[in-house]
Amino acid sequence: MTTARGKTIFLWTLVMISVVVLSAPTLVVLGASFTAGNMITFPPQGLSLKWYASIAQATDLREAFLRSLYVALICTLVAIPVGTLAGIALAKYAVRFEKALQIYLLLPFTIPLIGSGIGLMLIFGNAGILGQLWPVGIACCVINLPFMIWAVTASAGSLDPDLELAAANCGAPPLQTFLLVTLPAVTPGVITGSLLMFILALNEFLVSLLLVDARIVTLPVQIYNSIRSIITPDLAAISVVFIGCAALAITILDRLVGLDVFLKSK
Amino acid sequence: MRAYPLTWRLLDVLETGLEKVFPRRLAGITPYLMLAPAVLLVGLLVLGLFQVADGSLRTLDTTTFLMSESYSLDNFRRALSEPLFRNVAVKSFAGSLIVTAMTLVLALPYAYVMVRTKSAALRKILLIALFLPFFIGQVVRAYGWLIILGNQGLVNEALSFLGIGPFRLIYNYPAVLFGLIQYMLPFAVLMLAPAVTAIPEETEAAAESLGANWIQTFIHVVLPMARPGFVGAGLVVMTLSLTDFAIPAILGGGSQDFIANAIYDQFFRTSDQGLGATLALLLVAAGSTLVAIVFALVGTGTLQMGRAKQ
Amino acid sequence: MKDLKNPVLELTRRRFLGATASLGSVAALAGAGLSTVSLPRAFAAEPEKPKEIIVRAWGGSWVDSLKAGVSDSFTKLTGIAVRHDLTEDNEIQPKVWAAVTQKRVPPIHVNWDTTTNATKSALRGVTEDLSDLSNLATVTELAKPVGLDGYPIVNTYGYVYVLAYRPSAFPDGPPTSWKALLDPKFKGRIALYNDGIGFHFPAQVAGGGKVEDIPGNMQPAWDFITKVKEQRPLLGEDPDFTNWFQNGEIDLACTISTNAREAKKNGVDIKWVVPQEGAKFETDGLWIPKGLPENELYWAKQYINHALTKDAQQVWLDGLGLPGVVPGLTPPADLVGDPSYPTTPEDFKHLIRVSNKIQVENESAWFGKFKAIMQS
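Chains as they are written, first to last, in the UniProt record's numbering: chain A, 1 to 266; chain B, 1 to 310; chain C, 1 to 376.
Same shape as in the complex, but just chain A:
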């Protein structure tokens, strides 16, 4: 047990449990999407693509998916500068009332989503911007913002103050130090954070439910709503297509920036 082999076995057992627990329901649903029957079952009752055919014709689903992409994009674009600046500030500087500020910045997690949703609906309603899509993106950004801030502060741990100091000593002005020394150091955190923000916004349904109307419904809200009366295999098929699109997007991103680099131990 205390040998290196024991370590490998122990760690891998726990990791395998996690992988199975994480993936099992997804795999079952994916498999069920190819059923020829009318219910989500596993193993599927006969193989067919009929549920894919049925969603292929639904233009409303495609539109809802595009809207979700737009919402996720707005959310991520807002979160990157806001979360990065806040994260660096918290990691780098001694800020007064830091604990109080931390508790404040954690409000998106301590306020139940239903409360956030109702509150934002009233605020946006007063401002007359309900019925548009961009406020939904802002809302998704607010409720998940702690993830972005933390991802950045976590990687600011590898930020070497000496390096910044050196840059400044060599006469580098503040903006230059920030752009060329500080920012690259936290890039891994920014990537993790943005990925998380994007995926969470792409799948958000509870707060969005209160902010969209039938004309601008997003995909997760549409799925959530249709699930309220009956669950049919087309939902499984939608999930598969959804995963396919996301996988494609992430692969492209991976080719561009090399997603796993930030996780390698140094």
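Misleading hints may appear alongside valid ones.
Stated by the list, open to error - Each pair of labels, with its calculated beta carbon distance range:
no.: 1; chain 1: B; residue 1: VAL105; chain 2: C; residue 2: GLN276; range: 50 to 58 Å
no.: 2; chain 1: A; residue 1: ASP254; chain 2: B; residue 2: THR16; range: 32 to 40 Å
no.: 3; chain 1: C; residue 1: VAL336; chain 2: A; residue 2: ALA36; range: 28 to 36 Å
no.: 4; chain 1: C; residue 1: LYS51; chain 2: A; residue 2: ARG62; range: 16 to 24 Å
no.: 5; chain 1: C; residue 1: GLY150; chain 2: B; residue 2: PHE50; range: 35 to 43 Å
no.: 6; chain 1: A; residue 1: LEU248; chain 2: B; residue 2: ALA206; range: 55 to 63 Å
no.: 7; chain 1: C; residue 1: GLU230; chain 2: B; residue 2: THR289; range: 35 to 43 Å
As the list claims (entries may be wrong) - Capping the alpha-carbon separation at 25 Å, the derived lysine-lysine pairs in DSS-like fashion look like this:
no.: 8; chain 1: C; residue 1: LYS144; chain 2: C; residue 2: LYS369
no.: 9; chain 1: C; residue 1: LYS264; chain 2: A; residue 2: LYS50
no.: 10; chain 1: C; residue 1: LYS51; chain 2: C; residue 2: LYS67
no.: 11; chain 1: C; residue 1: LYS179; chain 2: C; residue 2: LYS51
no.: 12; chain 1: B; residue 1: LYS118; chain 2: A; residue 2: LYS7
no.: 13; chain 1: A; residue 1: LYS7; chain 2: B; residue 2: LYS124
no.: 14; chain 1: C; residue 1: LYS229; chain 2: C; residue 2: LYS67
no.: 15; chain 1: C; residue 1: LYS187; chain 2: C; residue 2: LYS229
no.: 16; chain 1: A; residue 1: LYS50; chain 2: C; residue 2: LYS265
no.: 17; chain 1: C; residue 1: LYS67; chain 2: A; residue 2: LYS50
no.: 18; chain 1: C; residue 1: LYS179; chain 2: C; residue 2: LYS67
no.: 19; chain 1: C; residue 1: LYS210; chain 2: C; residue 2: LYS349
no.: 20; chain 1: C; residue 1: LYS229; chain 2: C; residue 2: LYS210
no.: 21; chain 1: C; residue 1: LYS49; chain 2: C; residue 2: LYS76
no.: 22; chain 1: C; residue 1: LYS49; chain 2: C; residue 2: LYS103
What the hints assert, rightly or not - Just so you have them, the derived chain B footprint on chain A, three or more residues with Cβ under 8 Å:
no.: 23; region: 3-16
no.: 24; region: 21-27
no.: 25; region: 45-58
no.: 26; region: 170-181
It is worth saying that the hints were derived from the structure and are not from the lab. Cβ atoms here follow ideal geometry from the backbone N, Cα and C, with glycine treated the same way.
Take the given structure of chain A and dock chains B and C to it, following the hints.
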């Protein structure tokens, strides 16, 4: 000057501009300016909370379904005295603590292996396994669990070959906790990974060369060094599971409600926005207190890392 | 297609309300290729048509039958597209209420709602009055909401919270009493709605109390529900019942007959009864939120008026398997003589009906009490 690339010149212009707008003697307020956008954005939620809070001081008149004109503390009295709310509060708080502990136990080895593995392909597979569950949504995911853990599900079918069961594996309190752990695990791993990355592999090697076995190394080197990550991950998991609504609703079989479900009922089922708002405010207060306690006990976690070196 | 004039549609504004009653012929003509998407000039006197109206509906077979019965024919008749908003009735309510309070245009034109929920909105004053719909002249008394002035809601059909069961679990014949829920062999294999809706009243009778004592003394109901709690019931919403029957989780449930019929259509062996204690009879209806522009309000009203025609009701309610509010409808073949499809006064004798006013005033307390028992 000619040797300067364009970007450098651009930077110089920006630098001069910045110096004009924001002279260096104001540098002391830089962190506050950097925090301002985040504070304002979260301010939207606070503003919304204020709107909702007004309702908590008014009671519902079921002959008009309007909130009373006059203020009273009646909702708070009900929220704090009725056994129903005490029950759901106990379930939520106990649940969130158990889930936090269990999730961290599973998340650390996952993050450790994901960071330390030499194989890029393996790292990617582990990363994909983290993100995959998000895309089927919580309700369809729960349906997947019904297929696996239900009375006629895969697990019970397998058990029946062994001649045992069927067992009720779903729609009870443990099932809710299990569902929450599964939901929270990716968040915890992602928050822990940077902390593990920051532990130099040489430190572990050094400990082992001094005769420590891996368990001792883990306890005396990895755990303390990953502590900041633990605090961050733990807080995320604790607050999110404390306020979760969907998983207790769909894996609890209807009798394992958390506080957020009670809030949902007041807002959406009985139309009593006042009581709903009251419960929401109490939950925010309790959640924030819990966060404050964690900060007081172990510091602000992840967030100290950068500054600790200064 | 667009240029073809449909003679039936060339009507003056006042006659239109009556004309929707003759929709059958319109639909027939439309079927023959005479449908018009945009309406001819004769309608110039009508308020300007919106491009579309939004009708809130439940998803799955609920919206499918509404679309087939009401929305599609409405679009054929008027050229106005109908978009369905599938937000739950509970969840649209705060959105509509907030819109009215903030004097915004509400997110929907027509709300398909339970009468109890709709009554709350009516009491709050967010509903438009529908008394001027011409087809109200021909509907049964079921369409009129009880205990409210005028028609802030129009009920469009009724339904029963039946006791649904799996026949294979009842080899000796169907259950006859709600007390079957207390049979130890069904421990963990029964289901109710998560707020107890539909179950409070029969529980009152099964617990030895009287319907007349509602809401004054409901102790018998709470005693019975406490006993049911010992049986570890699953608590859920509409799709859960179908799922649970399909996946073999439960043998017995108190649910709307439509859900049981849905599971049956999917090949699950399931039947239902109205037990000797009776079963709760309830209605659903349509209403329009305040705050719509004048012209959109007009066309939203036309939609509801159209939903009260015999042809629209026939198709819509065939899909749901529920009895409508227009005389002379033909029940679906599988529901002739079924207790969940009451038509005669004799049928109604076995059903428990409590005024919606009493229900909305006490519902919070009942839900709270039910939850308190179930969450303990």
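Review point. Looking at the structure, which of the earlier hints fail to hold?
Key: 6, 8, 11, 14, 18, 25
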